[in-house]
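Asks: Listed below are the residues making up each chain.
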Amino acid sequence: MAEDSKPNFSNGAGAQRLRWKYLDNILNRPGPFTDPDWEPGEAVVEGLSRAKILGAGGLGCEILKNLALSGFKDIHVIDMDTIDVSNLNRQFLFRHADVGKFKAEVAARFVEKRVKGVKITPYCGKIQDKDEDYYMQFAMIVCGLDSIEARRWINATLVGMVDENDPDSLKPLIDGGTEGFKGQARVIFPTMTSCIECQLDMHAPRAAVPLCTLATIPRQPQHCIEWAHIIAWEEERKDITLDNDDPEHITWLYQKALKRAQEFNISGVTYSMTQGVVKNIIPAIASTNAIVAASCCNEAFKIATSTNPFLGFPETDNYMMYTGDESIYTYTFQHMKKPDCPVCGNLAKNLEVDPAFTLQDFIESLAERPEAQLKKPTIRTEAKSLYYQSPPALEEQTRPNLSKKLNELVSDGEEVAISDPAFQITFKFKLLFSK
Amino acid sequence: MTATTPPPLQGPTSKEKKYDRQLRLWAASGQAALEESHILLINSGPGVVGVETLKNLVLPGIGQFTILDSAIVTEADLGVNFFLEEEHLGGFRAEHTCNLLKELNPDVQGHYITEPVESFLSKPDILKPYTLILVSAPISPELLSRLETNAVASAIPTFYIHCIGFYSHFSVHLPSAFPIVDTHPDPVTTADLRLLTPWPALSSFAEEKTTELEEMSHHDHGHVPYAVLLLYYLEEWKKTHNGQVPQNYREKIAFRDMVTIGARTNNPEGAEENYDEAVAAVLKSLNPAEASSAVREVFQAEECKSLTPESASFWIIAHAMSIFYKNHSSLPLPGSVPDMKAKSADYIQLQNVYKTKARQDFAEVLDTVRSLEKRLGRIVAIDEKEVEAFCKNAAHIKLVRGRPFHVTLPGEGVRWGDRAKFAAQSLTNPDSLILLYIAFLATDAFTATHPADDLGGAVKAPGEVDPETDAEKVTGIALKIIDDLISEAGMFIEEPEYSEVRSKAGEYVQEIVRAGGAELHNIAALTGGLVAQEVIKAVTKQYIPVDNTCIFDGVTSKSSVLRF
Numbered sequence: 001m002a003e004d005s006k007p008n009f010s011n012g013a014g015a016q017r018l019r020w021k022y023l024d025n026i027l028n029r030p031g032p033f034t035d036p037d038w039e040p041g042e043a044v045v046e047g048l049s050r051a052k053i054l055g056a057g058g059l060g061c062e063i064l065k066n067l068a069l070s071g072f073k074d075i076h077v078i079d080m081d082t083i084d085v086s087n088l089n090r091q092f093l094f095r096h097a098d099v100g101k102f103k104a105e106v107a108a109r110f111v112e113k114r115v116k117g118v119k120i121t122p123y124c125g126k127i128q129d130k131d132e133d134y135y136m137q138f139a140m141i142v143c144g145l146d147s148i149e150a151r152r153w154i155n156a157t158l159v160g161m162v163d164e165n166d167p168d169s170l171k172p173l174i175d176g177g178t179e180g181f182k183g184q185a186r187v188i189f190p191t192m193t194s195c196i197e198c199q200l201d202m203h204a205p206r207a208a209v210p211l212c213t214l215a216t217i218p219r220q221p222q223h224c225i226e227w228a229h230i231i232a233w234e235e236e237r238k239d240i241t242l243d244n245d246d247p248e249h250i251t252w253l254y255q256k257a258l259k260r261a262q263e264f265n266i267s268g269v270t271y272s273m274t275q276g277v278v279k280n281i282i283p284a285i286a287s288t289n290a291i292v293a294a295s296c297c298n299e300a301f302k303i304a305t306s307t308n309p310f311l312g313f314p315e316t317d318n319y320m321m322y323t324g325d326e327s328i329y330t331y332t333f334q335h336m337k338k339p340d341c342p343v344c345g346n347l348a349k350n351l352e353v354d355p356a357f358t359l360q361d362f363i364e365s366l367a368e369r370p371e372a373q374l375k376k377p378t379i380r381t382e383a384k385s386l387y388y389q390s391p392p393a394l395e396e397q398t399r400p401n402l403s404k405k406l407n408e409l410v411s412d413g414e415e416v417a418i419s420d421p422a423f424q425i426t427f428k429f430k431l432l433f434s435k
Numbered sequence: 001m002t003a004t005t006p007p008p009l010q011g012p013t014s015k016e017k018k019y020d021r022q023l024r025l026w027a028a029s030g031q032a033a034l035e036e037s038h039i040l041l042i043n044s045g046p047g048v049v050g051v052e053t054l055k056n057l058v059l060p061g062i063g064q065f066t067i068l069d070s071a072i073v074t075e076a077d078l079g080v081n082f083f084l085e086e087e088h089l090g091g092f093r094a095e096h097t098c099n100l101l102k103e104l105n106p107d108v109q110g111h112y113i114t115e116p117v118e119s120f121l122s123k124p125d126i127l128k129p130y131t132l133i134l135v136s137a138p139i140s141p142e143l144l145s146r147l148e149t150n151a152v153a154s155a156i157p158t159f160y161i162h163c164i165g166f167y168s169h170f171s172v173h174l175p176s177a178f179p180i181v182d183t184h185p186d187p188v189t190t191a192d193l194r195l196l197t198p199w200p201a202l203s204s205f206a207e208e209k210t211t212e213l214e215e216m217s218h219h220d221h222g223h224v225p226y227a228v229l230l231l232y233y234l235e236e237w238k239k240t241h242n243g244q245v246p247q248n249y250r251e252k253i254a255f256r257d258m259v260t261i262g263a264r265t266n267n268p269e270g271a272e273e274n275y276d277e278a279v280a281a282v283l284k285s286l287n288p289a290e291a292s293s294a295v296r297e298v299f300q301a302e303e304c305k306s307l308t309p310e311s312a313s314f315w316i317i318a319h320a321m322s323i324f325y326k327n328h329s330s331l332p333l334p335g336s337v338p339d340m341k342a343k344s345a346d347y348i349q350l351q352n353v354y355k356t357k358a359r360q361d362f363a364e365v366l367d368t369v370r371s372l373e374k375r376l377g378r379i380v381a382i383d384e385k386e387v388e389a390f391c392k393n394a395a396h397i398k399l400v401r402g403r404p405f406h407v408t409l410p411g412e413g414v415r416w417g418d419r420a421k422f423a424a425q426s427l428t429n430p431d432s433l434i435l436l437y438i439a440f441l442a443t444d445a446f447t448a449t450h451p452a453d454d455l456g457g458a459v460k461a462p463g464e465v466d467p468e469t470d471a472e473k474v475t476g477i478a479l480k481i482i483d484d485l486i487s488e489a490g491m492f493i494e495e496p497e498y499s500e501v502r503s504k505a506g507e508y509v510q511e512i513v514r515a516g517g518a519e520l521h522n523i524a525a526l527t528g529g530l531v532a533q534e535v536i537k538a539v540t541k542q543y544i545p546v547d548n549t550c551i552f553d554g555v556t557s558k559s560s561v562l563r564f
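From first to last, the protein sequence lines are chains A and B.
Oh and the first sequence: position 265 is 265 in the UniProt record's numbering, straight run, nothing missing.
Oh and the second sequence: position 512 is 512 in the UniProt record's numbering, straight run, nothing missing.
Careful: at least some of the hints might be erroneous.
Unchecked claim - Here's a subset of chain A near chain B, in silico, CB distances under 7 Å, partners left out:
hint, residue
1, Tyr22
2, Asn66
3, Phe92
In case anyone wonders, no lab produced these hints; they're calculated from the structure.
Idealized CB from N, CA, C, for every residue including glycine.
Go ahead and model the full structure; you've got the sequences and the hints to work with.
Replies: Structural data, given as structure tokens:
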């Protein structure tokens with residue numbers, strides 16, 4: 001490049017563009033890793049400002065700030081939550097006075113005011129409220145959702161939207177998640193690269209403590225809290241719906257747990273621990289959220305502008321794992337697409353089962369098995385219905401099967417279809433009897 | 001404590017509510033350290049990475065911060081820095097970023113200084129008020145060097161940060177001895193049950209709980225804690241192995257088989273959970289209680305061996321600990337017992353056996369500490385809690401030795417010293433980002449000889465105006481650094497590797513120069529997260545810090561931590 005002239009852009013030329021001086025160095029100059037056919041300049045800037053992008057979830061504050069300062073102009077945000085005082089240690093767009101207001105609304109207004117020229121459209125509700133038409137309008141989706149269920153839902157929706165004859169129907173999904181000093185950022189090109197369902201076993205649910213331990217042989221303070229939560233509440237306050245955010249309810253559980261702990265000479269039950277166990281609190285800090293959200297937005301920026309290679313290009317790395325408690329460690333790799341993925345694959349997934357299990361045992365195990373994680377499964381084979389969660393009439397009709405053993409209901413290697421109200425797709429599993 | 005009156009309920013305070021999600025990580029002690037800290041940011045260039053770092057420190061509640069920055073807010077700042085608004089154009093960047101950062105947390109005090117770094121640094125003792133210093137490049141090497149010297153003299157941890165385009169780097173200069181007790185090891189991997197060297201109380205407890213093991217009811221047999229089972233089977237094993245415990249991997253496998261066979265399968269469940277746990281624990285639990293190399297390094301440190309009346313309490317305790325280790329061939333028992341299938345009362349009893357021993361070990365170490373204090377004539381006694389915390393985590397303490405930055409002073413090459421060999425070997429390691437680091441050093445050397453003006457030590461970034469010419473110059477500097485390194489290490493890199501190293505370095509330089517000194521907001525935000533996290537570790541003295549150089553490549557989304 002002979003000179004570093006400032007091109008005249010149709011969208012906000014001159015003084016307005018001075019604001020993007022730094023960004024423009026990258027948008028207007030090729031680099032050693034850019035594609036030889038890539039043409040820097042006006043088209044890239046135009047593309048960036050036209051791209052409609054969706055952000056969602058607990059990393060929303062970081063994502064909105066980063067996208068706005070990456071040159072995106074048309075940003076939508078979805079979040080169903082309202083602001084809680086415990087968000088203020090990291091969700092930096094919120095103040096004490098905002099507690100109780102909708103996150104999406106407050107965050108959108110804040111970033112619009114701070115970064116001039118960016119339009120942010122909030123929706124205060126669940127991602128599941130929206131349909132394919134809604135998601136079709138976006139160039140890509142950046143998610144920092146805090147539940148696996150929501151991730152699986154958006155993943156399955158985007159995979160389902162892909163129409164081979166319409167390249168616009170392929171929406172890159174960029175997903176970030178954190179837990180304390182750890183986190184991950186990953187990019188999914190639905191149907192082309194490994195999807196969230198392919199990677200499900202990397203996020204195994206925590207093993208639940210067996211009920212008999214809670215009921216008869218508690219050893220840890222957490223066992224006493226779970227007992228108060230699951231058993232004592234049911235027995236003594238059945239008619240009151242437990243509200244995790246009601247201090248009176250937490251106090252009741254805390255005192256119950258404390259009393260039980262004293263009976264068994266167990267020490268260590270505290271109010272804070274009670275809250276942590278009952279609400280399944282995951283530690284969260286500003287620095288990890290900043291790292292993971294920025295990594296996601298860096299990938300979004302590269303995808304939108306082609307200013308450098310991005311994660312998720314087929315046959316290349318698509319996943320960055322981050323750990324920060326012991327020095328700093330990242331592992332960036334290619335997670336392989338699974339041919340038996342229930343969402344993006346076409347083969348039934350093998351599932352080893354004990355043939356002596358009752359259907360009830362099997363259903364309970366599905367919630368915990370890392371490769372399934374289905375809480376309210378409805379199960380049928382090609383020939384018959386094994387168990388229906390609803391409607392009540394079907395539930396009643398299939399209920400007797402619950403006490404039957406698996407080898408009475410299916411044959412070794414038979415395929416079953418499992419659906420769950422949390423997901424809009426059917427999972428295909430091939431049941432292999434363990435020897 | 002009485003069992004009849006219910007304890008008064010201490011609900012969380014409003015501060016505990018706000019900081020709940022982080023207190024679950026670094027606890028009240030870490031929070032207190034943060035709240036006492038005062039962080040100085042010496043800002044320059046686009047200045048985003050430093051401000052993003054502060055954002056991540058103001059939110060969790062550091063005590064105070066000060067921004068030193070003489071820059072005036074320009075249009076370009078508004079496109080990259082979130083903590084500035086249009087109405088601030090023409091004002092001092094330090095003042096306005098400070099004010100907007102303060103809005104994030106009313107508990108934090110923010111200050112700003114608009115004086116140029118050069119005159120600021122010329123005042124004596126000017127760094128004394130600060131707990132930790134962040135310096136963001138570009139800064140002239142002379143000033144960086146002077147700053148580092150002053151900070152080291154006051155043992156103030158200092159960070160030197162680069163953030164250009166898709167790349168970033170930071171180095172940490174910690175004090176010459178930076179010991180950490182509260183390293184937060186993974187609880188799963190740290191159970192220390194001393195099964196190979198049980199003390200009398202543990203042995204007799206195990207014996208009592210396994211009398212007539214074979215005759216027990218299914219219920220009792222299935223509830224013998226796995227630690228007790230392993231102790232029982234070790235005794236059985238010793239009977240046929242000349243009184244020796246399993247000595248090697250092969251014997252451990254044989255021992256594991258012996259435990260497996262002991263499980264009952266004729267019960268209603270067809271298996272026993274406690275035996276499953278015992279079998280799974282064999283390989284990781286049957287290891288001698290030897291101190292790790294990291295712990296031995298602490299014991300062998302000069303500060304540990306030769307105590308003075310002024311020694312830090314860490315060294316006094318470490319010395320007492322080394323005496324304990326010499327006498328017992330093991331570290332003090334931490335005293336915690338992982339959860340295991342057992343009847344409540346048995347488990348609590350087992351816990352107490354471990355707790356009692358841990359208390360005895362702690363008392364012994366404390367005695368030694370007290371006599372050392374007496375011998376040294378120290379007036380203020382070390383807090384018992386500090387000794388206790390040390391005993392609990394003795395196996396996982398860590399010592400980091402602060403190391404200086406590479407400062408590219410004009411006319412002086414980069415010297416790698418005792419790390420030359422490691423650095424030179426890294427040149428051809430495809431997973432190492434050392435070449436990107438060298439590209440940053442070359443950028444520093446370039447800016448050192450290209451002042452933007454003659455005032456206040458301001459410097460010019462390569463590629464601001466003429467990327468092609470600058471890339472050539474910076475590449476030349478980078479290649480010289482590489483050649484000097486290879487010769488300092490006394491090594492030789494053969495073709496084609498040598499050419500590959502040179503061309504890779506050239507690509508990193510080109511990508512840096514492409515940015516022309518620009519920060520990309522995403523990379524600044526990401527790096528601000530990394531640096532803030534490391535600041536938190538340095539201030540709280542918890543977790544394990546980066547030692548001492550971290551490089552991030554936003555093109556490939558990879559990082560590298562190297563010790564230089």
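Asks: All hints, please: hold or fail.
Replies: Tested hints:
1. Annotation: tyrosine 22 of chain A was flagged as interfacial toward chain B, and the flag holds, the nearest CB pair being 3 Å apart, inside 7 Å.
2. Taking 7 Å as the C-beta contact cut-off toward chain B, the hint placing asparagine 66 of chain A at the interface holds, the least distance being around 5 Å.
3. This hint holds: phenylalanine 92 of chain A has a C-beta 5 Å from the nearest C-beta of chain B, less than the 7 Å allowed.
Figure legend: structure checked against the earlier numbered hints; every hint is met.
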